[in-house]
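**Q** Residue numbers (the working numbering), protein chains in the order written: chain A, 50 to 953; chain B, -14 to 75.
Just so you know, these hints were derived from the structure itself, not from any lab. Quick caveat: nothing in here was measured; it's all calculated off a predicted structure. One or more of the hints may lead you astray.
[Said to hold, decoys possible] Stretch by stretch, here's where chain B covers chain A in the computed footprint (C-beta under 8 Å, at least three residues): (1) 111 to 122; (2) 290 to 296.
[Said to hold, decoys possible] A short, non-exhaustive set of chain B residues, derived as facing chain A with CB atoms under 10 Å: (3) T(-3); (4) G(-2); (5) Y(-1); (6) R3; (7) L11; (8) L23; (9) G26; (10) G28; (11) G33; (12) L44; (13) I45; (14) V47; (15) A52; (16) G57.
C-beta: ideal position from N, C-alpha, C; glycine also.
Spelled out, the chains give:
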Amino acid sequence: MVPFNLLVLVCLLYVLLLFLIAFAAAKRAETGQLGWLRSPWVYTLSLSIYCTAWTFYGAVGYAARSGLEYVTIYLGPTLVMVGWWWFLRKLVRVGRTQRVTSIADLISSRYGKSNLLGVIVTLMAVIGTTPYIALQLKSVTLSFAVFASNQPEGGTMPDLNATALWVATGLALFTVLFGTRNLDANERHHGVVTAIALEAIVKLAALLAVGVFVVWGLAEGPADMLARIDASPVSGWDLRGGRWVTLIFLSAVAFISLPRMFQVLVVENSDERHLATASWAFPLYLFLISLFVVPIAVTGLAVLPAGTNPDLFVLTLPLSQGAEGLAMLAFLGGFSSATSMVIVAAIALSTMVSNHIVMPVWLSLRGSRASMSGDVRGVVLQARRLSIGAILLLGYLYFRFSGGGEALAAIGLISFAGVAQVLPALVGGLFWRGATRNGAAAGLLLGFAVWAYTMFIPSFGESALMSAELLTEGPFAIGWLRPHALFGIGGLDPLVHAVFWSMTLNTIAFVTGSLLSFPGPMERLQGAQFVNVFDHTGAARGWSGGAAEAEDLLVMSQRILGSKEAQALFQAEARSQGRGGYLPDVTPDFIERLERELTGSVGAATAHAMLGQIVGGSSVSVQDLMAVADETAQMLEYSNRLEAKSRELARTARQLRDANEKLTELSVQKDAFLSQISHELRTPMTSIRAFSEILLQDGAMSAAKQKDYAGIIHDETIRLTRLLDDLLDLSVLEAGQVQLNIQSANLRDILDRALVATQSGERATGLRIFRDVASEDIELQTDTDRLCQVFINLISNAQKYCDAASPELRIRARSSGDHLEVDLSDNGCGIPEKSQDMIFEKFSRLSDEARAGGAGLGLAICREIMLNLGGRVEYLPGQGGAAFRVIVPFAPGPAAAQGPSGAS
Amino acid sequence: MSRRSPIFLARTGYRLRRLMDAARILPAAGAFLFMLPLLWGGGATRNGIIFVFGVWFGLIVVAALIAVPLGGQLRSTGDEDGQGGEDGPV
């Protein structure tokens, strides 16, 4: 006998292995070494979460009860995979181009980014999946119980409910750890997928091993096995046509509409080509999984005592024959099938719940502006973690309170029929442009209601939620509303009856609703993009006008994508528009791209709503609507090209205008600067002259007074010298003739020096400095004096200009690639957007008042120093104050070491 | 090499389109074959097993034969219309 403790130990070791694999894969993916993680085989194996514990244990039980009918559950998916060119190819392409995060997101996005549909599908999915999760918990606990009941002394019999609770907790932990590590822009979870691929191999190997053991160990090969099947209770194939067709249809539909299958098929798909491999490899997997089911069932019926639960033959058969190692493998196989399903289902459902229920509620609670403070990413991740816990808790509660001894297959089919209600909206959405939001909502709600009435609620057993009279007589004794004989058509198998009526009424409502209602502009746009996904090269636009401020958009994106990613995105966009800095022109194309990026994180409806709050509502232009009509496509192509050209011209013109404005302003400022500089020179000169005249003329002056006046003259000359030094310094830097003194130093020491210099003596002000000293421990090769000068300038700028009541300055450093970024941001009112272009120019000052004796040269010197050091300094918008980013290379490039010649 | 030049110039393209047709027909053919047992209403389980698994395996083999060249086709179209470039961050 296998000691129960050994079993638990093996189980824990196996879980530990899964943790390690998932962790290693996630680490690899983070560093960008995807390699085999993106192979078509991993994709194919990850699809095997279709085969849950229901397959692993339940198929044998199903075969022992109903013979060959169990294969229908695998024939449906086989047909779908084999027919990938029709449907899956389109589904995956749409999923990739629209950055779909779940099946609810797909439906919501197709029907005009309607959150109503997202909520409906999410609720349906949660209700439909809960029994399924309970089923997995049940099978794991039952298999534990098999081992426990075989113990010589029955004293260690574990509590089944406690086992289920432990399993559910462990699964929640695993899912939270690897499913919500980060808010990935495309929702892929490499760690989870890799662990699942491993589990897929384990469960296939386990079932094949038991099968081989049965066919070649207990029987004498295939021929003998066939003879045994002839002699068994299931020798006759009781083919019930209605069920046969219905089940093949149902399993095919469930394969694409189960939330977890959608997650691995579409969301986790990283390459469309993987579908081609999976189209035959996954049917092969299903083929192998089903191959030995009947032999195991037949042998179990023959060998084991009557009354043994056929759902557990896979486990009890090897145990009864003393093959304990094999039984252990079978146990791990069953464990794998259950856990992988629960993990992916929880991830898929939590994404749906957070994107379609929690986020919209949160957004509406936060009031009108999405750009307020607070990190949305934290909220989303937290929502997902909580939903994962809640979903597993629901599954556990269902397990506790349904309790009953239904066969595994029955619960699975109820789930299948529930999620299948998405089908009309899904297929219609992908292939019929006329499908509308109202039609989809009507179909979904009606189909779901019929399913609940005829299948889900009766499944709790008679007199649980429905009384026995209601089942036999119908509500209020209305005969044609009986749950198992709608419209008086009785005598059907309850499953066939429920699937037939729910799908039929669903489809009728969907089609009629679509035909009678009128789609909104956004729906028509999305519809055209989905249906013609292979024809449309560029996405049609849903945004027009540029009412939004780029800075507001940046503030919002930073909170969803993370500040580094958002800044990179904005910078790239600005560069592609031929501009520097972080703020691109707000073109409709840009908003469209931004929305798609955000969609990957929070779902289509939420992203659209958040952008809508800033951009001021989406609008669809006439041109966009024309794009919907195929008839004008060709004309449109041409006019589009013209339009693109004219847009480009307009942009160039705007750039020229910008440049011209900048030049004019510079010229004005130059004049101002000259008069300023004359003023600056004249003031000390005047006082020097006046005091020296007094000294010359008044011979009878006291020594103290003389000393006083000489002191004033001295101070004034120092001021003059400093001004002239700055000017000289700048011209040397600009000419690139500066001698750099490169040495290695620690960033922390440089910052320490700068702070000491700025906070000593009279210059000390009330500015509070926040540093993250640990992150500043970075070695670099540079001219430390020059770099220190840059920091001194920036810090003293903050001292002078930060106008907050209690001024603060934050210094953050991080290394990024071959360079180092130091951000210095204060909490003042920042620099207005129109001035951001100007501040680094040498004659520019934001205000005319000559505060603290500066002549508007500090930032210009900073810029020139950084250019000489091979880095840059730039203004960082959207940080809630004036913020500067200093970018220094770790080591100077060859050009910087010799002193750049081309620095302007 | 044949002596006469081929009538159709774009032979590879033509083959490929017929392959796509085959890929579309395959699931229908599979469904048809799996419905055949309804004609004779079941019979013995052993014959049923041989039939179902035989058809199933045949489908897998044909699907593999079709998928390999079509998968290569996806690669080239994917790069052409710029969809292939979506993998990397923009």
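**Q** Identify whether the interface hint at A52(B) stands, where standing means a beta carbon of chain A within less than 10 Å of its own.
**A** Where the cut-off is 10 Å and the nearest Cβ of chain A is about 4 Å from A52(B), the hint holds.
**Q** At a threshold of 10 Å, is the proposed contact between G(-2)(B) and chain A supported by beta-carbon distances?
**A** Given a least distance of 17 Å, the restraint on G(-2)(B) is violated.
**Q** With a cut-off of 10 Å on the beta carbons, see whether L23(B) makes it to chain A.
**A** Status holds, d = 5 Å.
**Q** Does V47(B) meet its interface restraint, that is, does its C-beta lie within less than 10 Å of any C-beta in chain A?
**A** Since the shortest Cβ distance to chain A is 8 Å, the answer is holds.
**Q** Hint validation: T(-3)(B) versus chain A, beta carbon distance must be below 10 Å. Holds or violated?
**A** Nearest chain A Cβ about 18 Å off; hint violated.
**Q** Per the CB criterion, is Y(-1)(B) less than 10 Å away from chain A?
**A** The hint is violated - Y(-1)(B) has no Cβ within 10 Å of chain A, the shortest such distance being about 17 Å.
**Q** Please check whether the stretch 290 to 296 of chain A has three or more residues whose CB lies within less than 8 Å of a CB on chain B.
**A** It holds, with 3 qualifying residues against the three required.
**Q** Identify whether the interface hint at G33(B) stands, where standing means a beta carbon of chain A within less than 10 Å of its own.
**A** The hint holds - G33(B) has a Cβ within 10 Å of chain A, the shortest such distance being about 4 Å.
**Q** Go through the hint on G28(B) and say holds or violated, using the shortest Cβ distance to chain A against 10 Å.
**A** Holds: closest Cβ of chain A sits about 6 Å from G28(B), inside 10 Å.
**Q** Is the interface hint satisfied for R3(B)? The criterion is a beta-carbon contact with chain A at less than 10 Å.
**A** Result: violated, 13 Å to nearest chain A Cβ.
**Q** Mind taking a look at whether chain B covers the stretch 111 to 122 of chain A? Criterion is 3 or more residues with CB to CB distance under 8 Å.
**A** holds (count 3)
**Q** Measuring from the C-beta of L44(B) to each C-beta in chain A, is the shortest one below 10 Å?
**A** Holds, about 6 Å.
The structure shown violates the earlier hints numbered 3, 4, 5 and 6.
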